[in-house]
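> What follows is the residue order along each chain.
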Amino acid sequence: MTALRTIAVYALMLVVIRVSGKRAIGNFTAFDLLVALMLGEVVDEIAYGDVSFAQGATVILVVAALQYGNAWLSFAHRGAARILEGSPRIIIRDGAMEKQGMRKERMSPSDVMAELRGLGVSDLREVKLAVLEVDGRVSVIKHEWAESLRKRDLASTDPDNATDGSAAEVPESHRTDAEWALGGRA
Amino acid sequence: MLHRVGLRALVAYALLLALLRLSGKRLVSECTPADLMMSLFLGDMIDDYLWADVPPMQFFVAATTVVLTHLLVTFGRGVWPRFERLVEGAPIVAMRGGRPALEQLRGERISRFDLAAALRSCGLTRHRWSEVRAAYIENDGSTSSLPWPNDEPARRSDAPRAARLRAREARRDSSAGQGPIPPVAG
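Chains as they are written, first to last, in numbering that gives the first Met the number 0: chain A, 0 to 185; chain B, 0 to 185.
Hints in this document: simulated from the structure, not taken from any laboratory.
Wrong hints could be hidden among the right ones.
Ranges of calculated distance between the beta carbons of each label pair, as one might list FRET restraints [what the hints assert, rightly or not]:
hint : chain 1 : residue 1 : chain 2 : residue 2 : range
1    : A       : E40       : B       : G77       : 51 to 59 Å
2    : B       : M56       : A       : G85       : 23 to 31 Å
3    : A       : S86       : B       : H126      : 39 to 47 Å
4    : A       : D122      : B       : L21       : 41 to 49 Å
5    : B       : G77       : A       : A95       : 44 to 52 Å
6    : A       : G78       : B       : L19       : 38 to 46 Å
7    : B       : H126      : A       : G119      : 42 to 50 Å
8    : A       : V58       : B       : A17       : 48 to 56 Å
Computed, partial: chain A to chain B, Cβ under 7 Å [as the list claims (entries may be wrong)]:
hint : residue
9    : I6
10   : M12
11   : F30
12   : V42
On a predicted model such as this, the values are computed, not experimentally measured, just so you know.
We put the CB at the ideal spot given by N, CA and C, even for glycine.
The whole structure should be built from the sequences, with the hints applied where relevant.
Take a look at the structure:
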């Protein structure tokens, strides 16, 4: 009986997580994490039979529906997204720390440097823009001079490299693009 | 009483360790829907056993069932592509040919702001979106972006070719009476 209930609740949760989309899995905002923990916290009572399956399923479905509504609202309405998810905060601009943004996120200069080290950046001056995203990760955009070398830089006169980046000029042999990479027709 | 709790913690720890080793590496490194599920389940079921709310046998059965179901699901997604698509979903095409793939993004309720944040995590600001040949939101929620051939990182093997091209250019220019061009990387 325990085994059956466990399988049933596993299947239900799998469906719920799939339907709620990619956002529930990767880019955890604070609230996404809370919801995942909440859903995780009810499964054991169902598996052990402390609550009836119908009761447990109702809780899971209601929480999932609320989360779906939340995601939809954040998508449809920028203001709602700001309230429900928060907005990204700039912490470095043009090689200098933004004290105001850091203060609002309670980040110290050493926190910022630790984040940069984690991304392989050792020199603050290389950073054009660093943003603390709503999921708590930091993204770094480097100055053009600090970016790594590209083929374009090595041989500007190379006739094989002469495409300027517009879709029409990419030869067929380079079509490792959308459909192909997803297993579609080449 | 206390030593019993300690003993149960030891047993639970050992059992979970054994089950996780059995379930393979994917749970640790990746976080697709099914993997996330199993972590939530196991983490949640352990506490009832620790506080002796459920008999050991029931915990053992429930935990083993979760892992077996998970193994079955992961095995199924390996041999049966349609099942994999069902449980994991398919990567979303976020950008194609330097432009946002608006319809797919709308389908997953990913706003332009979410897209911008996703591309920032790849170090790309909005004004450089045209440099993205294709970008995907993968099943684990992370973003990958593919550049145009010309914007790919230069490889060491590109250097000799670039040097030849530069030399040819220099010869052409000197024969036109303009004198040799100094080496670029001087």
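> Next step is simple, just say for each hint if it's right about the structure.
Hint check:
1. Range check, A/E40 to B/G77: about 30 Å between beta-carbon atoms, so the 51 to 59 Å window is missed.
2. Taken as a hint, the range 23 to 31 Å is violated for the pair B/M56 and A/G85, whose Cβ atoms sit roughly 46 Å apart.
3. For the pair A/S86 and B/H126, the beta carbons lie near 20 Å from each other, so the given range of 39 to 47 Å is not met.
4. Between A/D122 and B/L21 the CB atoms are about 45 Å apart, so this pair conforms to the stated range of 41 to 49 Å.
5. Our hint of 44 to 52 Å for B/G77 and A/A95 holds, since their Cβ atoms are close to 50 Å apart.
6. Taking 38 to 46 Å as the suggested C-beta distance range, the pair A/G78 and B/L19 conforms, at roughly 43 Å.
7. Our hint of 42 to 50 Å for B/H126 and A/G119 is violated, since their Cβ atoms are close to 23 Å apart.
8. Remark: the range hint 48 to 56 Å for A/V58 to B/A17 is contradicted by a beta-carbon distance near 31 Å.
9. This hint holds: A/I6 has a C-beta 6 Å from the nearest C-beta of chain B, less than the 7 Å allowed.
10. Hint status for A/M12: holds, given a least beta-carbon distance of 5 Å to chain B, under 7 Å.
11. A hinted interface residue such as A/F30 counts as satisfied when its beta carbon comes closer than 7 Å to some beta carbon of chain B; here the least separation is about 14 Å, so the hint is violated.
12. Among the interface hints, the one on A/V42 holds; its C-beta lies about 5 Å from the nearest C-beta in chain B, closer than the 7 Å criterion.
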